[in-house]
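Novice: Here is how the chains run, residue by residue.
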Amino acid sequence: MLVRLPGCPGLEVALSVRLAVTLSIKEMVRNAPRFASISAVIALITVLILFLAGLGEGLALGNRQFLERIDGDLLVYQETADLQIAASQFDGSVLASIRRVDGVADLGALAFSSTVVEPLDAAGSDGAEDGAQADGALGGERVALIGVEPGRPGAPPVREGRTFTSLDANEAIFGARAALFTGAEVGDVVTVRSTQGAVDERYDLRVVGIANGQQYQISASILTPLVTFERVRPKADAAVDPRRLLFDVVAVRAADGVPPATLKERLEREVRGVEAVDLVTAYTNVPGYTAQESTVNTQTFFTLIIGVLVVGGFFQIQTLQKVPQIGMLRAIGASGGLIAWATVLQIVFTNLVGVALGALGTAGLAASFPPQVPIEFRPTNVGTAIAGLLIIGPAGGLVALRAALRVEPLTALGLGK
Amino acid sequence: MTAAGARAARDEAAAGSAAPPETPALEVHDLTKTYRLGEQTITAVGGVTFTVAPGEFVALVGPSGSGKTSLLAMLAGLLRPTEGTVRIAGQPVADLNDRALTRFRRRMIGFTFQSNNLLPYLTVLENVLLMLSLNGRTTPAARTWALELLEQLGLGDRLDNLPSQLSGGQQQRVSIARALIHRPAVVLADEPTASLDTERAHQVVETFASLIHEERRAGIMVTHDLRMVRYVDRVVQMRDGMLERIVDDPTDVAKLAEGAP
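First to last, the sequence lines map onto chains D and V.
Per numbering that gives the first Met the number 0, the first sequence starts with residue 0, numbered consecutively.
Per numbering that gives the first Met the number 0, the second sequence starts with residue 0, numbered consecutively.
Chain D on its own, in the form it takes in the complex (with noise of 0.2 angstroms):
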């Protein structure tokens, strides 16, 4: 008789462990066909997943970059807005009022439209305004269009170049994606065609400085200086009454050591007509953000789901084909953890390489797009999706992992007729 194993539950796990290992390697091997496909079927799932999760993630960001960057703590809408910066409009008297109220450091107005930056090679470069547009033949790129305080909070910082030099300059900061699609750069003079009364008008801005992504409402952005923003934005009457400077809403900046939920209670106690909200919930409130976002969560969430469902349907298929292996196993003295972890490393193995597949296919064809393509691949959000899809194999797999451990040696060899 050949020497007995020692007794000992450590060593018998070890040995499990590596006879487990080396079964599952040997038949994922010499069934490589089938464990490919369903590799295949994970990538496939990871690219979708990971497409969903960056277009999530870009639709998301081009609604609520602009607004998150504000380098304030609070945004001041008219109080009958309903949280909505297109319903919200103030003057300037409203500016001195928050500047009264105790904890306010600093507060910058601004405003919000859109305009059309025209071809650079097609814009006339003579600093002036032109007149108005004859023909029908428009190109160019829609972008929104910012107002913003020089120096005040929402006034970006730059990367490239330098901020304005007044409040009427005839000047703008191109954020990184509108810089990208027109391919304008500091120095560059553009030109943008905004709708003035029944006419199109064409006015020129001088490119000054390059800011970070400002995108805001899924576009690209330009920032202007707020008197240069209200002369050049589309509206139904072209002339402009600088004495009474219309805007959208207010960023406040607290004090040091102001808690910005108490500075929100004052300024909607002391200010008459005003609701305050964190930037977190400004941007929550720009429509459609919500709803794309639960959108995008929701089709994520049933992609996953239906990963589970087909990396388990598989698993489960497969186990099912085994039942017979897995009774011959358990009769001959294989124990229920070599089962179980065969199994569950065959899962784990296959998925891995599946997801790994995926996320390089992904990269693939990520690099492939076109910037316009509003994909956003941050670190958080791919390591959160790829945490999930490493999930889906194991979860997938627990309905064959149980269906192999309560395999009956005596059913599965016909022993139990």
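Because the hints were derived from the structure by calculation, they are not lab data.
Every residue gets a Cβ at the ideal spot worked out from N, C-alpha and C, and that includes glycine.
Any given hint could be a false lead.
Coverage of chain V stretches by chain D, computed from C-beta distances (three or more under 8 angstroms per stretch; other residues unrestricted) [stated by the list, open to error]:
1. 72–78
2. 91–104
3. 131–142
Start from chain D and add chain V according to the hints.
Specialist: Below, chain V alone, put in the same frame as chain D:
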């Protein structure tokens, strides 16, 4: 050792020769298995008693439903008896919990089944070495023994083949090697010739019998095919769950055939 030789050895031991009596490899005492089916109690196996000595090859025969499969399952520790005991190398199997029973099976019992014998993704040699791996005994000496055994079974040139590349007879021979490689006390075979043609069936059982005798293992083979009993030392004949008789001279196939299905 031939079948006749084994019989002679057993008879000598039974006659009380000078040598001390050897512990039976398998002792079955009053083994009973009943099932409840509604109000009815069905006796699958009732009060079966017999022993098998090391080096003895026993056939378990009987018509369908005679209880031989249930009996084999109880001998293997895959089915708990309602009453009675099974001892393998002196160890009462019923005393073991599930975990210990699994360990006991992989050390003390060798199996061959009708089909589904081998793991399809392991080669011939790997399938045989699997039993050693399960027992944590993959030593060079054990590997040499596996190679010798496979050579003896005529599979020396098939070591790296997968089961799908073998004939049914070759697959059964691999499973015989796997059943014997870890030198168990008892080897159980459930219809090992069921899927083989006559010629291969004879080859397989003859090889099996000679290895049982040479290695001095106790072999129990369930079979429907009475032509195969010529290779065994004794025949345990079952009917309606009861042990009908034990035939000490299996060459008298005609006598057995009286009780055949």
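Novice: Does each hint fit the structure? Answer for all of them.
Specialist: Against the structure, the hints come out as follows:
Counting residues of the stretch 72–78 of chain V whose beta carbon lies closer than 8 angstroms to any beta carbon of chain D gives 4, which reaches the threshold of three, so the coverage claim holds. Residues of the stretch 91–104 of chain V lying with their CB closer than 8 angstroms to a CB of chain D number 5, which satisfies the three-residue condition for coverage. Judged by the Cβ-Cβ criterion of 8 angstroms, the stretch 131–142 of chain V is covered by chain D as claimed, because 6 of its residues qualify and three suffice.
This entry satisfies every hint, going by the numbered hints stated previously.
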